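Trainee: So you can see what is in the structure, the chains are spelled out below.
Protein chains: 4
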Amino acid sequence: MAITNEQQEEIDSLRSEKFSTRRPISSALEEVLYQALPVLDHGFVRVIDYMGNDASIVQAARVSYGKGTKKTSEDRGLINYLMRHRHTTPFEMCEIKYHIKLPIFIARQWIRHRTANVNEYSARYSILDNEFYVPEAHHVAAQSSINHQGRGDLLTPEQSQYVLDLIKKESMNSYEGYIDLLNEEGDPERPGLARELARMNLTVNFYTQWYWKIDLHNLFHFLSLRADSHAQFEIQEYARVMLETVKYWVPFAYEAFVEHRMGGAHFSKTALTVIQKLIQGEPMTQEISGLSAREWKEVMEKLK
Amino acid sequence: MAITNEQQEEIDSLRSEKFSTRRPISSALEEVLYQALPVLDHGFVRVIDYMGNDASIVQAARVSYGKGTKKTSEDRGLINYLMRHRHTTPFEMCEIKYHIKLPIFIARQWIRHRTANVNEYSARYSILDNEFYVPEAHHVAAQSSINHQGRGDLLTPEQSQYVLDLIKKESMNSYEGYIDLLNEEGDPERPGLARELARMNLTVNFYTQWYWKIDLHNLFHFLSLRADSHAQFEIQEYARVMLETVKYWVPFAYEAFVEHRMGGAHFSKTALTVIQKLIQGEPMTQEISGLSAREWKEVMEKLK
Amino acid sequence: MAITNEQQEEIDSLRSEKFSTRRPISSALEEVLYQALPVLDHGFVRVIDYMGNDASIVQAARVSYGKGTKKTSEDRGLINYLMRHRHTTPFEMCEIKYHIKLPIFIARQWIRHRTANVNEYSARYSILDNEFYVPEAHHVAAQSSINHQGRGDLLTPEQSQYVLDLIKKESMNSYEGYIDLLNEEGDPERPGLARELARMNLTVNFYTQWYWKIDLHNLFHFLSLRADSHAQFEIQEYARVMLETVKYWVPFAYEAFVEHRMGGAHFSKTALTVIQKLIQGEPMTQEISGLSAREWKEVMEKLK
Amino acid sequence: MAITNEQQEEIDSLRSEKFSTRRPISSALEEVLYQALPVLDHGFVRVIDYMGNDASIVQAARVSYGKGTKKTSEDRGLINYLMRHRHTTPFEMCEIKYHIKLPIFIARQWIRHRTANVNEYSARYSILDNEFYVPEAHHVAAQSSINHQGRGDLLTPEQSQYVLDLIKKESMNSYEGYIDLLNEEGDPERPGLARELARMNLTVNFYTQWYWKIDLHNLFHFLSLRADSHAQFEIQEYARVMLETVKYWVPFAYEAFVEHRMGGAHFSKTALTVIQKLIQGEPMTQEISGLSAREWKEVMEKLK
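Chain order of the listed sequences is A, B, C and D.
With the numbering used here applied, the first sequence corresponds to residues 305 to 608, in that order.
With the numbering used here applied, the second sequence corresponds to residues 305 to 608, in that order.
With the numbering used here applied, the third sequence corresponds to residues 305 to 608, in that order.
With the numbering used here applied, the fourth sequence corresponds to residues 305 to 608, in that order.
Simulated from the structure, these hints should not be mistaken for laboratory data.
Quantities reported herein were computed from a predicted structural model and do not represent experimental measurements.
Check the hints yourself; a few may be wrong.
Said to hold, decoys possible - Derived DSS-like pairs: lysine-lysine, alpha-carbon spacing no greater than 30 Å straight-line:
no., chain 1, residue 1, chain 2, residue 2
1, B, Lys581, B, Lys551
2, A, Lys608, C, Lys573
3, A, Lys322, A, Lys371
4, D, Lys472, A, Lys472
5, B, Lys551, B, Lys606
6, D, Lys601, D, Lys573
7, D, Lys473, A, Lys473
8, B, Lys551, A, Lys322
9, C, Lys322, A, Lys608
10, C, Lys322, D, Lys374
11, B, Lys581, B, Lys608
12, C, Lys322, C, Lys551
Starting from the given sequences, assemble the full structure and let the hints guide the process.
Mentor: What follows is the structure, encoded as structure tokens:
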């Protein structure tokens, strides 16, 4: 991770200040506030601010004058009920703001989630740092022969080395060209190229960064897709760290999310019939199930 | 305003608690946090929570590791610049949550703003209180003969009295019927009608309430439309109270909003030409302006 | 249903015109275009316009230069795959526009879905018709004693008659007062009250109407919630008619929706374990299941 | 532009089919439907589908049973009125769908507009073509010394050549590495790297493509920002071509947009006072205006 000393000092300075507030707080999340939690080789996740805690979900669901919470066990039960029955609006009443550093190709997947607020570091305005993503050798895999959009077998150490050497070399070339085009303090023969053009020379594994703010319901939706095993490994890494911050922030909501969404499964009408028959001990095979071979496999995996 | 003693105690209890936080605070907004600021005869606006302050706008615009702010004067200048050039995303990085009590017909206008989070008190689940809006006599006006969707001349005291008596009587009838249908503790001959049906009998001036959460950019958009003199008087009253809370919360952003949005004006291409000629002292009348009579009048009003 | 002769002529006139287009069409949906499909006592659903058909989903998923479709069976399979794996964006590429007439209290539930475009008939600008919803006697039910936000047992014919008489009488009073306040051609002693104020006297079972436009993915989300048995009966009635229009419009997507969403079910992590044990023939009761009595009941109902 | 013969045949095939519809059409837009309108060196804009025309705006504003339109001149006047008074919802009732081919760095700016539907060509799933953006020599400019996020003086032909040679060379290297990593039909010593990883080696001037669907109101918002002279030149090029398609599609709305939005200007409260004094012939300089030097300059430019 690339946090410079100066940046770390800024973070430490923020962390050293304490204020008095009437707003609800989340003590466990306060503990990690502003800290750069490392992801991949140069990325990070930083929680910058948050609004509300578990009790805020209850308070909104009850449209309360006061706290809205009763006994802790009742709050927990209500949050579980709301998640189970997909009552989504109370979860929208909590909000979190992150500072994220991530490779451009991951930023491009991420930004597809439209229900968030974003301020990205502008390469029209500023100069990007010389930081690019190179996978670890044990994550370098071949194209999957089954899943058209995923990874298959790992490469051997030698094959992997070849790949990584190529990526590193090209990334370095790419940045060298970028700096050359910018010509910040260089060649008197020509002016520096406009930043908005010079950046064209960078590969999509270079790191960008943004402030990203989202409500808890939409964050759960993001995490259910991006912490899933079908997501690209690199974005999963971010999702996993963010899930940890959610656990600190709203432990009851986190628990309900893991129980009902992350750990749960959805079945089609036909799959439900198959399950009913299996429970009743009726004979059942893919051939007579009404499911395609692929769907059958998916259903069986969910039931493992 | 109808805050019961019990509700006021809940509010006071919330206000009496103080917590320690690393998050940015807005001291002036903390002062009024949770308090019910009265609007109309039974309504209110309560700030329940907020995220960020003026410095958060600057911090997001700079994608900062630390506070992002420099000198206060520089922050103020940057916020003014962002507002002037409609750089909207940094303003999205602040969030506020309100508890609002308002007549149903105003709730119907309000909800048209889609970029907010809402939890409304459910009349399927709960029983509404006997509170309905009756205008003050000096706000009772005839249909405008000019503006198809507005008010014209005020009614005389006698005319106004007639109107208010009718509205009050009908509202009371309406609630009486509602209670009769619910039959909460009543007629042993029949069960209480389902709440989701009984509410059909209520008129749209009955009060509902909701939690409403929005980011600062979208709140400014809401306020620019609803604190405007073309909005219905009743929703303006809410917007004015909310504007005050914004002034407490983010004074620099508020100042920039008043300067550029509330106090500013937009001119069409043709109107710009008219203004240019007026400045150059050229003769100009509606007839030769290229503007319709109505547009001319609108332009002249903006220039008054 | 209240379609006046004049309105029906306008509709017939629209339906009589045919144009030539290069755009994809849906023949079955063209058949009912503009027609008022009746819902409740005075409401309707009218399809006003649409964009795309089943092939458009495939075309977008493939980011095609041409039609994007191959064999019909392949298209059907792809659409089923997209629905099964919650690839939602291709479904967003179809759009539909409705004209809906509905009671105000249903409009208030409906508008909670924010990802749609709306133009509502303005009671600030225009005068509402004398049309209000009165349930049919066999839909008049008591408050449920189990479900806090639903209906329980039906009322007896006599009880029901009492309820309906009261609602009718109050609705008529309400409209009479409205007309009195508007004083459109009446009392020379006083001017007509501004429309935006006079409407306060109307009960929430009066009909309003709007144009409502939404993409297919978000429509499916709306329908999965509102055609569900937990939704209020009156909004279910609208959802059912709209589902029919979707069946005409995009039959493959409709089929996949019914298979995976409407007819499917979601299970929590713990419920999955219970199902696994049931299939393996292990003994299982609510007490040892890890599920609460209520969750157990919900799971068993899904498995029926 | 890179449309292959095969792609052109697919387009021609689509264009050759005509269907009969009851829906409103836009004849001028039908003329260019599906055609690839070239932008930059390899990009294009294709209109794939549309919903509604000028009359649909009027129809929605009136919540009509029939066409909603009266005389053409009245429709034009109403559309102009709606645009002037920022009644945005009727414009949301028209929808358009584009197929766009564009460099990745432009796609990253574009996607910031969240109120649209998107299906992007997936580089996890498919292999990108060898097409990258290289500016024309007369668009190669130095970093602006005034505007931190813009271009300043053009480079000399020699300087420009240096820049373009470097960009071309690096882009070619970049693609060569990509192909090497994919190893589609190559080196038996190692498998092809997963596509989702190999793409890391591509520079952000490579072309991607997507289906992009948006309503007319939000399209106008996009165009007002992206056809503006402060936007990056490359995205302006797309916006200009899209503006042309809007002119074909909804000529009255286009006219109102140019009059009120593109050609109009907004002034702050202080600037309004300055204008008022200028019109009254009072002496006025920046020093006494209350405007900063920069704001004064901006106001004067709007008045030129």
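Trainee: Against this structure, judge whether each hint is valid.
Mentor: Results for each hint:
no.	hint	in the structure
1	B:Lys581 / B:Lys551	violated (38 Å)
2	A:Lys608 / C:Lys573	holds (12 Å)
3	A:Lys322 / A:Lys371	holds (23 Å)
4	D:Lys472 / A:Lys472	holds (20 Å)
5	B:Lys551 / B:Lys606	holds (25 Å)
6	D:Lys601 / D:Lys573	holds (16 Å)
7	D:Lys473 / A:Lys473	holds (15 Å)
8	B:Lys551 / A:Lys322	holds (24 Å)
9	C:Lys322 / A:Lys608	violated (56 Å)
10	C:Lys322 / D:Lys374	holds (19 Å)
11	B:Lys581 / B:Lys608	holds (17 Å)
12	C:Lys322 / C:Lys551	holds (23 Å)
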